[in-house]
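Residue numbers (the UniProt record's numbering), protein chains in the order written: chain A, 1 to 428; chain B, 1 to 328.
The hints are all genuine.
According to the in silico footprint, chain B covers these stretches of chain A (three or more CB under 8 Å from chain B):
(1) 25-37
(2) 225-233
Keeping only pairs whose Cα atoms sit at most 20 Å apart, straight-line, the calculated SDA-like set for lysine to any residue is:
(3) A/K390 <-> A/S280
(4) A/K190 <-> A/E412
(5) A/K218 <-> B/L5
(6) A/K218 <-> B/G152
(7) A/K290 <-> B/N69
(8) B/K109 <-> B/G37
(9) A/K297 <-> B/G73
(10) A/K242 <-> B/S159
(11) A/K178 <-> B/I295
Partner residues are not named here, just some residues of chain A that face chain B (Cβ under 7 Å, in silico):
(12) I41
(13) D201
(14) K208
(15) R216
(16) N240
(17) N258
(18) G261
(19) P262
(20) A301
By construction, these hints were calculated from the structure, which means they are not laboratory data.
In this text, all values refer to a predicted model and were calculated from it rather than measured experimentally.
Ideal placement from N, C-alpha and C gives every residue a C-beta, glycine not left out.
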Amino acid sequence: MKKSFAALAAAAMLATTVPAMADLTVPNLSYRTGSYAANGIPYADGFADYFTLLNERDGGIGGEKVAVPECETAYNTEKGVECYESTKGQAALAYNPLSTGITYQLIPKVTADHHVLYTPGYGRTSSANGAVFEWVFNYPANYWDGASVAVKYMLSQNGDDLKGKKVALVYHNSAYGKEPIRTLEELAKKHGFELVTIAVDPPGQEQKSQWLQIRREKPDYVLMWGWGVMNQVAIQEAVNIKFPMDHMIGVWWSGSENDVGPAGEGANGYKALSFHGVGSDYPIYADLKKYVFDAGKAAGAGDNLGNVLYSRGMYAAMIISEAIKTAQEKTGHAAVTPEEVRDGFENLNLTEARLTELGLPGFAQEIHATCADHGGPGTAMILQWDAAAKKWSAVSDWIEADKDVLDPLIAEDSAAFAKEGGIAERCK
Amino acid sequence: MLDQLTYASEAALNGLMAGVMYSLVALGFVLIYKSSGVFNYAQGVMALFAALTLVGIQKGQVPFAHLINAVTGGHLETFGWQVPAVLAILLTIVVMIGMAIVIETLVLKHLVNQAPIILFMATIGLAYFLEGFGDVMWGADIKTLDVGLPQGINETIESVTDTWFGYGFFIDNLDIVAAIVSVALVTALTLFSQYSKQGRALRAVADDHQAALSVGISLRFIWVLVWSIAGFVALVAGIMWGSKSGVQFSLSMIALKALPVLMLGGFTSIPGAIVGGLIIGMGEKLFEFFVGPLIGGATENWFAYVLALFFLVFRPQGLFGERIIERV
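The task is simple: from the sequences and hints, build the whole structure.
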């Protein structure tokens with residue numbers, strides 16, 4: 001009796017925590033609790049819903065269902081590492097922790113354990129160099145691309161001349177927030193603008209000193225590298241000091257509906273970068289409605305559809321699934337291993353035709369990854385917030401980052417990492 | 001040089017205003033510590049919970065909607081009505097009083113005569129519970145709080161200072177409202193504590209639980225009363241901070257801003273919370289203004305603690321705290 005109870009309990013535990021062995025496993029390291037939950041929830045929903053759609057509509061990827069076990073990190077680095085350790089034994093194919101702090105901790109681990117770490121638009125910028133970072137991918141764009149795209153946009157608004165202009169960078173005082181400084185300093189030299197850097201200690205609930213400084217300095221543009229409550233307070237303070245909203249540009253992590261909502265009408269005209277489209281006008285939403293929402297299989301309450309962070313979570317899931325599909329095509333079998341999926345990431349050829357086929361025409365830029373190029377096209381567009389309509393609209397075309405400036409910086413940073421870790425460069 | 005002085009004056013004034021906002025949070029801690037010797041770790045979360053409840057009531061949100069929908073498969077979100085701000089505030093006060101009764105009944109009542117550390121641990125548990133409960137009850141999305149408080153630059157002050165100094169000072173209207181509310185709150189609480197029967201009972205309980213009980217003061221009533229008042233103060237703090245950033249879960253972290261204020265002002269003094277807030281607010285803003293640019297900025301979070309520690313060297317009980325003498 002005791003034995004059968006133990007066996008039953010073990011079977012129940014396996015059923016709830018471990019996906020069926022034949023499944024393709026993509027853990028969802030999410031944060032639905034804590035201070036950053038408001039951002040973590042839509043992202044995690046978009047990520048999970050996309051895989052649910054593939055399972056329900058297509059029977060998975062190449063006939064293999066995808067299991068997406070969720071693990072709560074609360075945006076806490078230690079918990080994120082615990083989530084990685086507790087799921088890696090399930091032959092996890094790729095990790096996307098949505099945290100630069102967790103990413104930095106996982107880079108050496110995934111390299112040793114042979115799992116893919118996919119960090120679209122966040123993480124360590126120089127991991128774009130596949131010659132050094134074999135297991136890490138951060139296409140389609142990284143922080144330095146973002147900084148360059150913002151500067152290029154400002155150039156386009158000023159007759160290609162920023163000489164004598166003043167640009168303030170308001171940044172989250174963390175590894176993430178400090179990432180663009182080096183690039184912006186180089187770009188300031190190249191284009192002749194003055195860069196003023198203003199740090200905000202996280203969480204960023206109180207920013208009076210920073211915005212008094214901006215009021216005194218009178219910059220022509222404010223760039224923002226924030227996350228969480230820092231974004232909402234910064235936008236409100238900018239409104240309070242009457243800083244022109246159309247001269248304030250946030251990186252893609254400072255440009256969601258959550259960020260502009262509390263400032264209400266005052267946030268009208270605020271701009272932010274994005275490396276993917278937003279809104280629920282894409283054909284894929286018809287399928288999501290039919291197979292996921294109406295079937296009661298959605299990960300969330302359905303109130304985030306089409307918003308910026310939901311779209312970004314969906315984007316990440318789409319890329320991972322395309323990499324798995326590439327791996328399956330390359331190997332000729334469906335039950336691919338983490339090593340084969342890494343090859344899939346490295347051979348990803350995402351074209352506009354394929355995006356259209358997926359129901360996402362024009363949603364993102366094409367990606368043609370190679371052994372050395374794990375960073376992708378490095379393009380982004382500028383979105384602008386319409387407070388009356390409560391929606392973002394694109395106000396620029398895709399803008400390509402200034403590779404002449406960025407490539408040497410990436411080479412320098414990744415070479416330092418390779419030297420420190422004794423890593424031999426690949427792709428020669 | 002003159003410009004620097006003008007800018008420093010502006011920073012100092014804004015520091016005083018920020019200090020008032022810190023004091024609002026610190027007041028809740030002081031009230032509970034004063035009456036029961038308990039450091040209420042949950043005070044920040046109470047501010048969050050109060051603000052969440054206020055927005056939920058105001059917008060006619062169905063409590064536990066996500067949970068109900070998950071169980072029933074429904075799509076409940078709101079009742080379809082909007083509650084006027086004043087009524088919503090009153091209803092939130094009722095909820096906070098209800099919460100005080102529940103806390104007293106389920107937690108505090110069972111911990112009478114326990115060591116302060118046990119009560120402190122209980123408030124840690126309470127903080128985690130309330131945070132999760134607030135999430136389940138009202139959802140984790142960022143909510144816009146609008147109870148009609150003015151925000152943005154005060155143009156009169158800007159224009160007057162522009163005439164005097166050739167530079168218009170920035171003072172946020174919301175900070176001015178917070179200052180007025182704080183002064184009213186501190187006055188009311190001081191009068192209540194000094195001159196009302198319940199206030200005197202509250203002080204008696206603070207001095208000696210057993211002696212207070214022996215003269216017929218109901219410890220349970222006093223605890224409900226003080227937790228209700230702390231709930232009200234938390235609501236005021238939640239409104240002021242939530243108006244700025246929206247109501248979101250990081251609101252509970254405003255407690256971090258109150259700690260140096262308490263260390264400096266003393267854990268048992270209501271005026272100490274205000275004076276401590278003003279010193280911390282002004283000190284951190286001036287330090288950021290003068291020293292921040294030299295060392296990379298973002299000095300405020302840590303400097304507030306350094307300033308509080310500096311004062312502690314000279315007055316370990318804080319500026320207004322009661323001197324504790326324990327004879328052996």
